[in-house]
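**Q** Chains as they are written, first to last, in our numbering: chain A, 526 to 904; chain B, 108 to 463.
Bear in mind the hints are in silico, worked out from the structure with no lab data behind them.
Hints are not guaranteed to be accurate.
[Claimed, not checked] Think about it this way: if two alpha-carbon atoms lie no more than 25 Å apart in a straight line, the pair counts; the simulated DMTMM-like pairs of lysine to aspartate or glutamate are:
1) B:Lys463 to B:Glu327
2) B:Lys231 to A:Asp773
3) A:Lys832 to B:Glu462
4) A:Lys832 to A:Asp773
5) B:Lys450 to B:Asp109
6) B:Lys231 to A:Asp880
7) B:Lys463 to B:Asp333
8) B:Lys450 to A:Asp773
9) A:Lys832 to A:Asp880
10) A:Lys783 to A:Asp773
11) B:Lys463 to A:Asp880
12) B:Lys231 to B:Glu370
13) B:Lys231 to B:Asp333
[As the list claims (entries may be wrong)] Across the chosen pairs, the derived CB separations fall in these ranges:
14) B:Gly125 to A:Gly779: 50 to 56 Å
15) A:Trp645 to B:Ile438: 27 to 33 Å
16) B:Ile340 to A:Phe733: 56 to 62 Å
17) B:Gly114 to A:Trp645: 21 to 27 Å
[Unchecked claim] Covered stretches of chain B (chain A as the covering partner; in silico rule of three or more C-beta atoms under 8 Å from a C-beta of chain A):
18) 237-243
19) 377-390
20) 431-443
Don't be surprised by glycine CBs; every beta carbon is placed ideally from N, CA and C.
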Amino acid sequence: MQSSEERTSPQTKSILRFLRPTLNALGVPLLAVLTAMIVGGLIIAFAGGDPFMAYIGLFEGAFGTPKALSETAVWASPYIFAGLAVALAFRGGLFNIGAEGQLAFGAVMAALIGYALPGWLHIALPAFIHIPLAVGFGALAGALWAAIPGALKAYTGGHEVINTIMMNYIALNLTSFLLNGPMRDPNPLNVVARTPVIAVNARIPPLFEGFRVHWGFVLALLVAGLVWWLLWKTTLGFEIRTVGANPDAAKYAGINVKRTIVLTMALSGLLAGMAGTIEVTALNYRHELGFSTGYGFDAIAIALLGKTHPLGVVLAALLFAAMRNGGTRMQFLTQIPVDIISVIQALILLFVAADAIIRYIYRIRAREERVVLTRGWGG
Amino acid sequence: MDWRRFGFIALIISVLFGVVVLIGHVQIAPVIIVTSMLATTIAVATPLTLGALCGVYCERAGVVNIGIEGMMLSAAFFGWLAAIYMNTVFGIAPMPSLLGGVAAAILTGGLLGLLHSVLSVTFKVDQIIGGTVINILAVGITGFLNRQLFFEKGSIFGGNVPHAPGVLPRIQIPLLADIPVVGRIFDQQPITWAAILLVLVTHYVLFYTRWGLRTRAVGEHPRAADTVGINVIRMRYANVILGGMLAGLGGAYFTLESVPSFEPLMTNGRGFIALAAMIFGNWTPFGAWAAALVFGAAQALQINMQFFREVIPPQLAILQISYVVGLAPYILTMLILTGIIGKNIPPAADGQPYEK
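With the hints as extra help, turn the sequences into a complete structure.
**A** Next comes the structure, spelled out in structure tokens:
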């Protein structure tokens, strides 16, 4: 190792120096994914399945055909938004476990604006007004849903973990009420809790004719770039990161910590609300009860796997999307329940969080830098 | 635990009961309604009580545990699985099978407690992330095995769910259960009795034994505890595993005491409510139990509202929508967390890994 490094030319050396942090940042998550897949394979084998067939099915289902690729992108869109939501909160020292509720509330509002607004105004709105209105209100609803626990945290000290979980249940109950009552699809053939379909002009169009992948996916990638810009190129981003790293230091530096906490949660909720909004305006064209179950928890795993960096989040979201999408094909081919994907995802999260395990297995030296994610209840 | 908090809790429970009496008294005598509400409240509060006690042990030792939900869900599944296995595959009588199921549930909880302590004490993983891992893992593994073992062709049970050996039988307290009307309260199932007993035991252990003193020392000031020769790591491991076992017993409630079946995600957030109950009760066993009873009363109210559906007067029609009543415990929890009924004081070293 030492000698080979000495023999390399200065150019290679500088490239290596440039690449090393990236490799180091990517290495552990990649090995974590690999290890989780191996353990997942053992569980599949233990339960009487064929792990190789399972993973072949998984890969085919995720990338095998243009349609599979399109579906992976469809899955990835809400994952990117929700993952960014959790990651942004982590950067601000907050654990937003309530992406689920913010997403659901955002979806409900987007659906409401989508189907009811033309009726209220007695005119059909053009798409360039109706789409931004539906998306905007959905995102704002998510922001509001997260700002409440944010404000409670900043001004009363109520811990955001419990409060965002409580907000999840409140959103769930409220959504059940709205979709079974005032917002229920009045079509006499309808037997499930869902809203009417949204107006044609409120729908985000597909990217390609004949495929479900939509402009929401492109928007998700753009927003990921925007979040990066916000966090590292703006004053607000600096304040968010400083409060996240050390609130006391932030206070002495003259940053309004309470305001920053509320703002961080609101922005996080805005992103989570976007995840729900995209599902309504670009994919399902309505909100149906229970469509979003699990996005919130997946988002936590995605944010952690992506090391709370926007680029990492996009990559992690694509991986999770591929697994979710391919899982259906895997179940079809090998009869292995798609739930195994959750097991593998939990294992990935486990190995990423406890990177000491991965470092021990693969003999990787420890890195000095450590992102502080959460603190105890005192916070 | 201050008396103000208990007073507040008693007030909320009275209000919840009062609403049902107000609506139901035209059909059924108030004393019968209150008795039935109380009996239901105590029963449905069982998993919350046990989950909250799990939280008390873990957090008094300085380990935050948000994985109670996952522990209960896993225990509910594996306890049920063990009972079915013993009953159908090995042909053991229903009663020993059920008890074996309870043991398996406790074991499952204990093992997840071990996982949580390995993660948070040894590897010093962020404890909230450790809990999240347990929650996601529980959803995946129970969903996967449930489908793989019971619903797939060629699986062990050949694609059909076998009949569970029933639920744990009721145990009546002699004399008290014989009192007319009110006796119904003293006619409960074993895990419910165990939960109440464990509240008393936990209070005693935590505040009147050497073990409890050491546990609290490790949670308040681990360095000081270490200096006087207490093994911080070992105390934390022991308490988190013990807590996991209690959560496991709470999980057994779902599949071996409440209903004889398993459904994916059947704990339905009860673990998080238990966590809230622990904070609501200010990290004390009696407080946690009282808080669990509040959530239990809200649930009992929802159950009884369905029963009295036709006699709800029009001016209270909003109560017909069970979602609205269902919101009460969550909003209440958020209010409690703001500190309006006294400050919530967690153990000082709660959530911090101990570095020697």
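**Q** Which of the stated hints cannot be reconciled with the structure, identified by number in ascending sequence?
**A** 12, 17
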